[in-house]
Structures are given as C-alpha cells and as structure tokens.
Amino acid sequence: MNGTTNKDRTLYYETLPANQLELALFLEADRMRSLAITREHLDNQRSAVDEERRRRYDNQPYGRTDEALDELAFDAFASAHAVIGSPRDLDAASLDDANAFFRTYYAPNNAVVAIVGDCRAGDALTAAKRYFSPILSSPSPPPVDLGEAPQMGERRRALSDPLAPLPRVDIGFKVPNTGRQSDALRALATILGGGRSSRLYERVVRDQHRATSVAISLDPGLGPALFRITATVAPGATADRVEAAVEAEIERLQTAPVEPWELQKARAAARMASVTERQRSASVAIRIAEDAAFFGDPTRINGFEARIAALTADEIGRLARVYFVADNRTVVITAKPTSDTHEP
Amino acid sequence: MTRACYSVIAAAVAALQTTSGNEAVVMKGRAPVSDAPVHIRLPVPVTFDLSNGLHVVVLSDHRAPQVAFTLVIPGAGGYFDPAARPGLATFTAAMMREGTPSRSSEALARQLEILSASLEVSATVASPDATISGTCLREDFPTLVDVVADVLRHPAFAETELGRYKERTRAAFAQQRSRPGTLATELFARLVNAPHPSARTMPTVEALDATTRAELVGFHAAHYVPDRAALLIAGDVTVTGVRRLVIGALGGWPRAGDRAPVVVDPPDRSNGGIHLIARPNSVQTTFVVGAPAVSRTSRDFEALQVMNQVLGAGPTGRLFVHLREEKGYTYAIVSLLTAGRYRGAWTAITDVRSDITDLALRDLLAEIARMRDEPVDALELRRQQHAIVAAFALTLESPRQLLDYYQTQWLYRLPADYWARYQERIMSVTAADVQRVARTYLDPSRLQIVAVGDPSQVRDRLSRFGEVAVDVADARIPR
Numbered sequence: 001m002n003g004t005t006n007k008d009r010t011l012y013y014e015t016l017p018a019n020q021l022e023l024a025l026f027l028e029a030d031r032m033r034s035l036a037i038t039r040e041h042l043d044n045q046r047s048a049v050d051e052e053r054r055r056r057y058d059n060q061p062y063g064r065t066d067e068a069l070d071e072l073a074f075d076a077f078a079s080a081h082a083v084i085g086s087p088r089d090l091d092a093a094s095l096d097d098a099n100a101f102f103r104t105y106y107a108p109n110n111a112v113v114a115i116v117g118d119c120r121a122g123d124a125l126t127a128a129k130r131y132f133s134p135i136l137s138s139p140s141p142p143p144v145d146l147g148e149a150p151q152m153g154e155r156r157r158a159l160s161d162p163l164a165p166l167p168r169v170d171i172g173f174k175v176p177n178t179g180r181q182s183d184a185l186r187a188l189a190t191i192l193g194g195g196r197s198s199r200l201y202e203r204v205v206r207d208q209h210r211a212t213s214v215a216i217s218l219d220p221g222l223g224p225a226l227f228r229i230t231a232t233v234a235p236g237a238t239a240d241r242v243e244a245a246v247e248a249e250i251e252r253l254q255t256a257p258v259e260p261w262e263l264q265k266a267r268a269a270a271r272m273a274s275v276t277e278r279q280r281s282a283s284v285a286i287r288i289a290e291d292a293a294f295f296g297d298p299t300r301i302n303g304f305e306a307r308i309a310a311l312t313a314d315e316i317g318r319l320a321r322v323y324f325v326a327d328n329r330t331v332v333i334t335a336k337p338t339s340d341t342h343e344p
Numbered sequence: 001m002t003r004a005c006y007s008v009i010a011a012a013v014a015a016l017q018t019t020s021g022n023e024a025v026v027m028k029g030r031a032p033v034s035d036a037p038v039h040i041r042l043p044v045p046v047t048f049d050l051s052n053g054l055h056v057v058v059l060s061d062h063r064a065p066q067v068a069f070t071l072v073i074p075g076a077g078g079y080f081d082p083a084a085r086p087g088l089a090t091f092t093a094a095m096m097r098e099g100t101p102s103r104s105s106e107a108l109a110r111q112l113e114i115l116s117a118s119l120e121v122s123a124t125v126a127s128p129d130a131t132i133s134g135t136c137l138r139e140d141f142p143t144l145v146d147v148v149a150d151v152l153r154h155p156a157f158a159e160t161e162l163g164r165y166k167e168r169t170r171a172a173f174a175q176q177r178s179r180p181g182t183l184a185t186e187l188f189a190r191l192v193n194a195p196h197p198s199a200r201t202m203p204t205v206e207a208l209d210a211t212t213r214a215e216l217v218g219f220h221a222a223h224y225v226p227d228r229a230a231l232l233i234a235g236d237v238t239v240t241g242v243r244r245l246v247i248g249a250l251g252g253w254p255r256a257g258d259r260a261p262v263v264v265d266p267p268d269r270s271n272g273g274i275h276l277i278a279r280p281n282s283v284q285t286t287f288v289v290g291a292p293a294v295s296r297t298s299r300d301f302e303a304l305q306v307m308n309q310v311l312g313a314g315p316t317g318r319l320f321v322h323l324r325e326e327k328g329y330t331y332a333i334v335s336l337l338t339a340g341r342y343r344g345a346w347t348a349i350t351d352v353r354s355d356i357t358d359l360a361l362r363d364l365l366a367e368i369a370r371m372r373d374e375p376v377d378a379l380e381l382r383r384q385q386h387a388i389v390a391a392f393a394l395t396l397e398s399p400r401q402l403l404d405y406y407q408t409q410w411l412y413r414l415p416a417d418y419w420a421r422y423q424e425r426i427m428s429v430t431a432a433d434v435q436r437v438a439r440t441y442l443d444p445s446r447l448q449i450v451a452v453g454d455p456s457q458v459r460d461r462l463s464r465f466g467e468v469a470v471d472v473a474d475a476r477i478p479r
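Quick note, the sequences are listed as chains A and B, same order.
For what it's worth, our numbering labels the leading residue of the first sequence as 1, then goes sequentially.
For what it's worth, our numbering labels the leading residue of the second sequence as 1, then goes sequentially.
Bear in mind the hints are in silico, worked out from the structure with no lab data behind them.
The structure displayed is predicted, hence computed values, not measured ones.
Subject to a maximum C-alpha distance of 20 Å in a straight line, what follows is the list of computed EDC-like cross-link-like pairs (lysine to aspartate or glutamate):
hint, chain 1, residue 1, chain 2, residue 2
1, B, 327, B, 363
2, B, 327, A, 52
3, A, 336, A, 66
4, A, 336, B, 454
5, B, 327, A, 91
6, A, 7, A, 67
7, B, 327, A, 50
8, B, 166, A, 202
9, B, 327, A, 43
10, B, 166, A, 207
Chain A on its own, in the form it takes in the complex (with noise of 0.2 Å):
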C-alpha cells in the first residue's frame, strides 16, 4: 500500500488476499467522499513533506540537480516546477487551498480504478460500482497548459553543491512523450544507456574513464519529457571532457545507423519489461490505470512489445538528428564549490 505524486498524476495502491477486495474499495471510495482534511493533518503532513524534501533534495549530493534541470529546461510552470514544491509553497499552503485542490481533482469523474488478481470481473465491477457510485462530481478540472515553445539556444547552469563529491554532468534535451515517438526514445535510451553493452558505458566509462557512471532516464507522462544523461565526472577527468565523450556518441548515432544487435537488444528489453511487470498485481494495475487516464486506452500495455519490435535503425537516427541538437539542449553542472563563495 502507497500513494505517489508525479507532474502528471496522484496514484494510490494497495495489494491485498483475494478476499479483501471490499476493504480496499471501501477505503479508497471513503478517502474520495469524506477525506477529513483538518488543520491538524496538514500542519502533520506539511512537516512530513519537509522532511522528505531535506532528506531527499537538500542533504544528498546532487539532490537539487534534477530540480535546477527542470528549472531551466521548461518553460511552462507544470512541467518546470518540482513535485515536491519549494519550503516556500509548503508553508504558504492554506486549508483553503488544499481542500480546494482535494474537491477539483480527487472526484470519480477524473479518477480511474484498476483491479488486478484473482477476482471475478463482473463481481469487482459490481461491488466498485456500489462503492463509487454514490459520489458526487465535480466540474471538470481546468486544463493544462503543458505548452513548450521550441527552445531556440543552449541552456547552461552551474550548480554549487557542498555535498558533491565529484562533479556531475546532466544533459537534458526536451522531446515528445506520448505515441510512437516516446517507444522510439525508449530503444534510444536503451542503446545509449542501458547496462554494460550500451555505447556510454562502453566508452565514456569502461574505456576512457571519464565518468564512474552514466544512467539516462526518460520521466514517463503526459507532457514534454526530458531525455536525460546523467554523468559522474572520474577522478583526473573534466566536466568537460564528459561532455565532449557524450556529444561524440551521440554524433554517433545521427551519422551512422544503430547495429543490428542493438535493435535487438532494445526488443530483448522491451519483452522483459513486459514480461517482468505482469508478475506483479499492483504493477499491471497501475499500468492499466495510468494507460486508461493518459490514453484513454487500457489495454495500451498489450501493444509495447509489438510496438518497441516494429522500430527500425532509420526511425531512431531521425529522432537522434531532430531532438539531440545543441539549440534543444540543457546542461547543469554540480560541483562542489571552488572557494568560500556560494550561489545565491
């Protein structure tokens, strides 16, 4: 059982013994009709989100990097600002303004039940039906402005961090996140990222030793997302020349056609998941969820093998050609500071 926030969606789960499904309708239709917003539960909640922001941003190296990524690559406040908010925000949130949130955006009419296991259909359809019916609607929340004019020129930080062991290079370069496009960057991410055989781990870390270690990620969503190379500087290397080694893998890939294997290997990745995310109940559920609320379409997850298999070597260089380009890049930098003087 939990609950997560991302730009795009508040999800809650839970997992329990095939007899137990009433208990978790119940609970979750109550928490929708009759969630006891007081003055109490938010001050409580409020200090445990601050100490969820120090614990994960303000006291581990690299922890406000992400968020001055963001900062600076987006231009609409939905996709620039972070989930967790600022210490600012927190405080300056009002009973008011949560329980307003609560009554616009946790209605039936904007929500989405998934259940996963051994149950009948029909008898979880009855009994949610029983459960979620008798709620009332609310007006339809207003929409999202996730609007992203094309960035016209490189965007550039350098991050102080006094916990940064090592500097850190984060390349983002902002790209479409829905239909084919977004299957396509996954195989990208995956040739140029994934695990031992990828093109960065090979290079820039085994070979060259300019980097311990280099991960991408790709935020999953509604919106424009961020394809983001994240890059520890070794020690004896340079911001720098991580840079350099990462701009020249990714020429790579605009010049000359990903291999044959390669390919392979994306699909080979794309089945695991698949494979890997059907053992779990609650992680069909929240794919089916998530499918049926962004897409309209819940049996979207039946298509991601078939879709990631159909891709070809042309359709990933295109991509490679039309979003890794230095006009849509955005870089941060964190370091530790050189001398006594901090960013303001």
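Dock chain B against the given chain A, drawing on the hints supplied.
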C-alpha cells in the same frame, strides 16, 4: 530476505482506527473486512544433489515465461577475506563478470543484454557467502546456464580489466561515503562488531589498490567450490530440463574436499554510547540507533521479528506513528532486524531536521523503553502478527522472493516445513515473549546511538543524552 514490505491489512485497519473519532465521517467502523483466514500454499520444491556436492532446488512456476536463479557459495564471501585485503572477496566476485578466455568483458555484456538476461556475481565484505544470480526469459535459460558455468569456472581476471575496475571502484567508494546513511551505518557496524568481519561495510581503497591478479586467482580457486554450494531455480522450467542442463554445465565442477569454513559471532560488547559524525552543511541529522541481536537460527528470532514489527518495521509501527504521524519530525523511520549465520543487530534508522534532533532522539528512546517496560496490547500484537503473515503471503507473487525464502531455509538449515508453518510460528509469539526479547536485546546500556549531522547545530542537543564522541566525515576523493 527483504524486510521492506509491509502489510496492507494492518495499514488499513490502523487508518480506520486513527480517524474513527471524526464525526463528519460516518462510514468508519463499518469497513467490510473479511474474517476468513489467509490460506498460504507454498509450492513444493524438487531437490537433488550432484555428485560433486552441489545441492539443487527447483521451483517450477509457469505463470510467466521467465526464470530466476541463485547460486549460493558458502565460504566465498568477504567474511573470509585475508586480514590484509579487506574486500578481496568483493573484488573477486565483481571481476568474475569481466570476462573469460572465450568471452571478453564486452562480449559477455553484449551476449547477456541482447537477451535482456541479467547476471550478477556478488560477495559483500561481511557475508560468509558469495552469490551468482540472474534472470532471463524462458527460452534463453540454456544460454544463461552456459554463461554462468563459464563465469564461475573460468574467469580471466585480465590485468587490463582489473585496472579499469580499480579506477571505477575507487570513485564509487567516495560517492557512497558522501551519503549520510552510509557513514552512519559504517560507524554503527564498527562500534558494535569490531574486530569481527561484520564491523566492515565496505572494502578499503588501500586494499583495492593493493589487490593483484594473483590474489584474485588464488581466492577464486580456493573458495568457489561446489562442496557446500546450492543452486536454486524458480520459474518456467521443468525438473527434467533443469537436471539435464545443470549436470551438463556444472557436473564437472570439481569437489574440493576441504572442511567447512567456520563462522563465529562478533565479540559480545555491552557498552553503548553516543557518536556524532561531523558532516558540515547537513540540514538533517541521520540516526542509526541499535544494539546487537541474534543469528538467524536463534530461538528468539521470530519473537524479535514480531517485536520489531510492533516497534518500527512499517508505517503502522510505533516509531512511524509517533515520530512521523504525531510529531512530524521525520519523513520516514524504520527499524530493521538483520540476522545471518552470525549474530546480527536491531537498528532504527531515520533522518530528522537538525533543530529537533534532541526531541526526536528523546521520543525514539522513549518508544524503545516502552517496548521493554510494558507488555504489548493484545489487539496491537494480533494486528502486527497478521501484518507479518499477510506481507509474507503477498510476496509469494514473485518467483525471486520465493527463491529467497528457500535459500534462507537451506542456508540456515531451518526445518523443511519452516515456511509452510511460518504463519503458525509468528502467530504463536506472545506478548510476554515480545517483552522478554525487548528487555534482553534493547538494554539501554547496550544501545549505540550514531548521528551524522552538522556539529554546530547538533552536538549540544546530543550531549543532553550523555557524553558525545565526535568523528569527522571522511568522504575523501581517492587519488
């Protein structure tokens, strides 16, 4: 075995309890909870032994076209590092993945990743065992077994790869040591266990620098033997198929015929204390508070597990409810019971904001004292026992987890029906048992309190609890 999972049932019931006083909410107390007991059925493993001593456990599970395996090699873990090379077992395990005479490091990585198969060789610095584990799709299992046999029997330990590994690993050590949780855990282990191998949490940079190819070859030859090893396989396989593959690939792994390596408990220390690791610029204090506990085969293990569940294993434990839900001191607090072949420890771990360091520690210690001083309420005990059992039942979804349970049973020579009767074992722990183990193992004079934080903000607050020894954070960037 993971202790991170927590129970849905207990959490849900507690939610009802904590909000039942609110009059605006009318449905509370009428939650449709099924009283039917959870029936846990475990698959029955098929086991057989090879003539070289290798024990094989097969759990056929055809729900997904995937196979997971673990090969456990007792005697090949960091527990058996030579005194001058703390980390040799860890380096040996890592270097086994860097190529064989017939597969370069690059070719090995490529062959596995084209199949999206995983293969890890690991040996932590304090463990008596090394493990080789992996996952693949059903159709690739024969290939994976072939690769495993090659990696196990014929690692190349090439000089060039060793040089590369040292470069990467030096920096990784520094990265890990920049995290406050790593520093706290490291000092706690040293205080509670030194000079036992379990006092170590990471290899040293000096040992890494000094390690030679000959040492890796020697450690591998002497410790990677089948005599006491076990191979556990779970997933979409048949016993006949596994038998044929395993005999073909590992039947020729020669028996060493040596004596079983001896594992002993850490020395018994009775003195606790308060230690602060000075980490300037910290905005929180990271705590590890704990005491020595038991080995996995102790008669007190299950009672301690229940006690730990009541006190702090999950979000309905007393520590979480008190320090987070009631006081808002922390985002998370969790307590852990670690127990292996030698005596482990009970610990509570949390990060709290610097200016309430003293208040949080006071409340944490008060909850520990309450555990000793008062018998746990019957209803609370029952709920937390159900929570352990329900969490156990839910983890059976994963073949990997199932494999871990059978590994535990085999490794510690637990009774064959240990997991089948686990529910009964947990449910039969009484409130008196819980209080007894709390009194025995959470003795205040044995508690070690380790804090990592900014000394200018934290030192005085800690000194209210006794004398504070101050250490300096050491996250050196290696040469």
